[in-house]
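Visitor: Protein chains in written order, with this note's numbering: chain A, 25 to 357; chain B, 52 to 275.
Each hint should be verified, as a subset may be incorrect.
As the list claims (entries may be wrong) - Label-pair distances were calculated between CB atoms; the ranges are:
(1) A:Cys79 / B:Ser189: 22 to 32 Å
(2) B:Lys86 / A:Pro355: 18 to 28 Å
(3) A:Pro352 / B:Asp111: 52 to 62 Å
(4) B:Lys206 / A:Ser235: 55 to 65 Å
(5) B:Ser108 / A:Ile338: 21 to 31 Å
(6) B:Glu252 / A:Ser319: 26 to 36 Å
(7) B:Lys86 / A:Ser298: 26 to 36 Å
Claimed, not checked - Facing chain A, from chain B, some residues (calculated, C-beta under 7 Å):
(8) Ser130
(9) Lys133
(10) Pro138
Worth flagging that the hints you see were computed from the coordinates, not collected in a lab.
Since we're looking at a predicted model, the values are computed, not measured.
Note that CB positions come from ideal geometry on N, CA and C, so glycine has one too.
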Amino acid sequence: MIVLGIETSCDETSVAILKDNDIMVNLISSQLLHQEYGGVVPEFASREHMRLLLCLTQKALDQSSISLNNIDAIAVTRGPGLMGALLVGLSFGKGLSYALNIPFLAVNHIEGHIMANFLSRDSGLNFPFLCLLVSGGHTQIVNVKDFGDYDILGRSVDDAAGEAFDKAARILNLGYPGGPAIDEFSKNGDPTFHYFPRAKVKRSRTDFSFSGLKTSMLYLVKQKGQEWAQGNLPDLCASYQEAIVDMLRTNTFLMAKEKNINTLVIAGGVAANSRLRRVFSKEAKNLGIRIFFPSPEYCTDNAAMIARTGLEMIKHKITSSLNVSAVPNLPLN
Amino acid sequence: MPHRLILGIDTSTHNCSVGLVNDGEVIGVKSILGKSVASENLIDLIDKLFSKDIKFSNLDAIAISIGPGSYTGLRIGLSTVKGLAMPRNLPVLPVPTFSVLERVAQTEWSEDLLLFIKSRKDIVYFTASIKDERFNLSPQIYYDHFDIALAKYPKISVIVGNCKFPVDNSRTLYIRYPRGDYVALTAWYHYEDLLPMSKPELEPEYFTSLELEKWNSKDRMKYS
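Make a model of the complete structure from these sequences and hints.
Guide: Here it is in structure tokens:
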């Protein structure tokens, strides 16, 4: 079974080819022009996808020496994401699927992030498990009972964790995206330098709130000055990152203990954060919980995870009609 | 001219339209009018054009209305076409949307025409199509308020576009849409001119450097 995966939900154009469980190729073209603007400009993103997608698909076929006629199914991100951006990939995928007369699979992007954990060959991961999904758009604790069977146990009531990274990075003039930059500076910093408040959500022990965190950073920098902030960059970054990781850790492991979970899976762009990986691995080990992270290259948006989800849909005899449209706020369940 | 079967697609306006032209003759056209209908209905519409006698696999080229028009609509059309054309490496022929509209309008009027396609609010893309010197593939496109378009061509009394605007008594506005069959027809007539433009990185004709500058300044303000 060979699945062609297409991902254009935000600012990465990505095409992958999956042969059974082997990733033949996974090409990602990140749109660097958004950096100038401190965030993704939706219209630019859509235009770039439009320009790049066919060329990238051809390159993926060439690099893997696979002909379009050997492809068994097309898997494309349907949502959540930016409407205009999603529609480019979705329309292209539908055209291919119709012309080749092969199944079309409209994939949920969040489900794709979870399925990224199945991409490494000998991961040994099986359903069910608890999943912490952390990206620029989402922060959720999901009880994954089986493929397609999800219970959301907790979520951010405001900013996503990745958004908290991006916003702090903007305050500190570190550019976009902010997560990798903060992670990098934090390596030489002291996480106890400044105590950022760990917000708790009223009436819920499992929901998150990250919006106060960036405000706290904003006021701190305003009060002490940008010069001071730049002088203490590693310590500031490390302290800020520690607060985010700490909040994620507290709620996730609380749920893991409560639900008597023995397998924990981390998914999404923030899963690439080195501090998060270390802290979560340590705590999981102490509690005797098996923990899985996608390899860093499959944490960010990529088409391999979309193809992998498509493969799983086929195994479960799920295909999509060519009438489906993009859904910018598509929920997981 | 050689035997050619061409599929034409227009998603530049709210009228999602597809047509089939065989040897310069329209043999099928399907359209759906409505907001955001293209994404859900385009493939279905295309599928309905074919039968057991005329199959998708018989196509020689696909022509697409390239703009200006709705950005998202244009991208849905062009992305779908790129996907449809890729497996057999069919030529993708980009037809200017105003060339399509000119051809549609010419079936009804032989005089000078003011053609427009709405962008947003009262802003339109517009061009003049003059009797005896139709622009064919090369419209001179302007982008401005509808009133400015009227003022620019005070003597043209027939106005043709994809939505209603108030006009004075000396002129009449007719609502007409670019259509898939006319996209295919235009491509059939101008096949050799359009063929060199078939490229993998083909983009819609957005016609909006102005707006990009606006984003630029807006975003700078927000983040500085």
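Visitor: Is it true that the C-beta distance of serine 108 (chain B) to isoleucine 338 (chain A) lies inside 21 to 31 Å, as the hint says?
Guide: Taking Cβ atoms as reference, serine 108 (chain B) and isoleucine 338 (chain A) lie about 25 Å apart, which means the hint holds.
Visitor: Per the CB criterion, is serine 130 (chain B) less than 7 Å away from chain A?
Guide: holds (4 Å)
Visitor: Starting from the range 18 to 28 Å, see whether the pair lysine 86 (chain B) and proline 355 (chain A) falls in it by beta-carbon distance.
Guide: holds (23 Å)
Visitor: Honestly, do cysteine 79 (chain A) and serine 189 (chain B) meet the 22 to 32 Å range at C-beta?
Guide: Since cysteine 79 (chain A) and serine 189 (chain B) have Cβ atoms about 28 Å apart, the given range 22 to 32 Å holds.
Visitor: Proline 352 (chain A) and aspartate 111 (chain B), beta-carbon distance inside 52 to 62 Å?
Guide: At 37 Å between Cβs, range violated.
Visitor: Tell me if the beta carbons of lysine 206 (chain B) and serine 235 (chain A) are separated by a distance inside 55 to 65 Å.
Guide: At 59 Å between Cβs, range holds.
Visitor: With a cut-off of 7 Å, does the beta carbon of proline 138 (chain B) approach a beta carbon of chain A closely enough for the hint to hold?
Guide: holds (5 Å)
Visitor: Tell me if the beta carbons of lysine 86 (chain B) and serine 298 (chain A) are separated by a distance inside 26 to 36 Å.
Guide: Given a distance of about 47 Å, which is not inside 26 to 36 Å, the answer is violated.
Visitor: Per the CB criterion, is lysine 133 (chain B) less than 7 Å away from chain A?
Guide: holds (5 Å)
Visitor: Would you say the C-beta atoms of glutamate 252 (chain B) and serine 319 (chain A) sit inside 26 to 36 Å of each other?
Guide: holds (31 Å)
Checked against the numbered hints above, the structure breaks hints 3, 7 and satisfies the rest.
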